[in-house]
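Quick note on numbering: numbering that gives the first Met the number 0 labels position 297 of the sequence shown as 296, and the sequence is numbered without any gaps.
The set of hints was computed from the structure by calculation and includes no laboratory data.
Since the structure is predicted, the reported quantities are computational estimates derived from the model, not experimental observations.
Accuracy of the hints is not assured; some may be wrong.
Estimated spans, in silico, between C-beta atoms of each pair [what the hints assert, rightly or not]:
#1 His39 with Tyr97: 42 to 50 Å
#2 Lys235 with Gly144: 20 to 28 Å
#3 Gln101 with Glu149: 40 to 48 Å
#4 Cys81 with Ser266: 45 to 53 Å
#5 Tyr97 with Met29: 34 to 42 Å
#6 Glu64 with Leu118: 42 to 50 Å
#7 Val137 with Tyr249: 27 to 35 Å
#8 Leu248 with Arg139: 42 to 50 Å
#9 Tyr97 with Asn322: 34 to 42 Å
In the EDC-like style, the derived pairs of lysine to aspartate or glutamate whose C-alpha atoms are separated by at most 20 Å in a straight line are [as the list claims (entries may be wrong)]:
#10 Lys223 with Asp239
#11 Lys61 with Asp79
#12 Lys283 with Glu268
Each residue gets a CB set at the ideal place from its N, CA and C atoms; glycine is no exception.
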Amino acid sequence: MKHSMITILGPTASGKTNLAAALASHINGMDSSMWGGDTHGAEIISADSRQVYRGMDIGTGKDLEDYTVGGKLIPYHLIDICDAGTKYNLFQYQQDFYDAYQDITHRGVLPILCGGTGLYIESVLKGYHLSPVPQNPVLRSSLEGKTLEELTDMLVDLKAKNGSNMHNRTDVDTAQRAIRAIEIETYNLEHPMPERELPAVDSLVIGVSIDRDARRDKITRRLKQRLENGMVEEIKGLLDRGIPAENLLYYGLEYKFITEYVIGKTSYEEMLRGLEIAIHQFAKRQMTWFRGMERRGFTIHWIDALQPMDQKVEQVLELMKSNQ
Numbered sequence: 000m001k002h003s004m005i006t007i008l009g010p011t012a013s014g015k016t017n018l019a020a021a022l023a024s025h026i027n028g029m030d031s032s033m034w035g036g037d038t039h040g041a042e043i044i045s046a047d048s049r050q051v052y053r054g055m056d057i058g059t060g061k062d063l064e065d066y067t068v069g070g071k072l073i074p075y076h077l078i079d080i081c082d083a084g085t086k087y088n089l090f091q092y093q094q095d096f097y098d099a100y101q102d103i104t105h106r107g108v109l110p111i112l113c114g115g116t117g118l119y120i121e122s123v124l125k126g127y128h129l130s131p132v133p134q135n136p137v138l139r140s141s142l143e144g145k146t147l148e149e150l151t152d153m154l155v156d157l158k159a160k161n162g163s164n165m166h167n168r169t170d171v172d173t174a175q176r177a178i179r180a181i182e183i184e185t186y187n188l189e190h191p192m193p194e195r196e197l198p199a200v201d202s203l204v205i206g207v208s209i210d211r212d213a214r215r216d217k218i219t220r221r222l223k224q225r226l227e228n229g230m231v232e233e234i235k236g237l238l239d240r241g242i243p244a245e246n247l248l249y250y251g252l253e254y255k256f257i258t259e260y261v262i263g264k265t266s267y268e269e270m271l272r273g274l275e276i277a278i279h280q281f282a283k284r285q286m287t288w289f290r291g292m293e294r295r296g297f298t299i300h301w302i303d304a305l306q307p308m309d310q311k312v313e314q315v316l317e318l319m320k321s322n323q
């Protein structure tokens, strides 16, 4: 079966963007029959929850120069699509991903999904059904005082009417969660929107695996380099533009720790030490998510990050051929 997309995932500092760009460049210079495909060229769709923000460049590790290979720009999508200070979410990402995916595939081009935000990746590969359901105070008031058993019965009935399989038993382990589940199902029943149903995307999934010690070393070196390249100044600039400190703290990691330093809450040394630890922990959480994806039924073909780039590209091309 021919996959309609390639996914390249991995923890921070694994070099996944470089691999995606090198692969796209290789495909763009090949006759598609050489790797068993029938598409013409490749473009990259980002799966990074923070690179969507304009003006947040160094701290999110955009490294846009990575998308130029051999003097040619590899087209990319879902980077710099909303303003810093706003709150982008999973529902918006699904919509934006699907728009980009449809655009790319309709032009006969192969999409390469690349990033480290496991929730975003899994949501579009599985085709999660999400909707931005507002709270319904009238409904909530009417449900007050009902037992968990009564709420569960109501939810089962609503699910049957909606033909919904979104909720499982964890939705009803507390009355609060059951009420929210009822709220969502009621909204979907009253606001039928078939277009919210995003289909699952069949994808060959490549994981870039990097040895823990090598990853830690690369994270440390990269952090120092980004600080030298103006990451503190970038965040000062965002604050000077009027973006509230609490909005930047919301983005976590670099934006949290450096904002705290800039507003005088911590010293430079405290910021550097805390941020380095936080990034290491973040990379570990990313790997935990990817291993969880494997337990949830995804096949991830892992390749070694420390191999030469041409070998990594060749491995992916071989997997593409063998998985057609």
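Going down the list of hints, with the structure as the test:
no.	hint	result
1	His39 with Tyr97: 42 to 50 Å	violated, 21 Å
2	Lys235 with Gly144: 20 to 28 Å	violated, 52 Å
3	Gln101 with Glu149: 40 to 48 Å	holds, 43 Å
4	Cys81 with Ser266: 45 to 53 Å	violated, 32 Å
5	Tyr97 with Met29: 34 to 42 Å	violated, 27 Å
6	Glu64 with Leu118: 42 to 50 Å	violated, 27 Å
7	Val137 with Tyr249: 27 to 35 Å	holds, 30 Å
8	Leu248 with Arg139: 42 to 50 Å	violated, 30 Å
9	Tyr97 with Asn322: 34 to 42 Å	violated, 23 Å
10	Lys223 with Asp239	violated, 24 Å
11	Lys61 with Asp79	holds, 9 Å
12	Lys283 with Glu268	violated, 23 Å
Hint violations for this structure: numbers 1, 2, 4, 5, 6, 8, 9, 10 and 12, all remaining hints satisfied.
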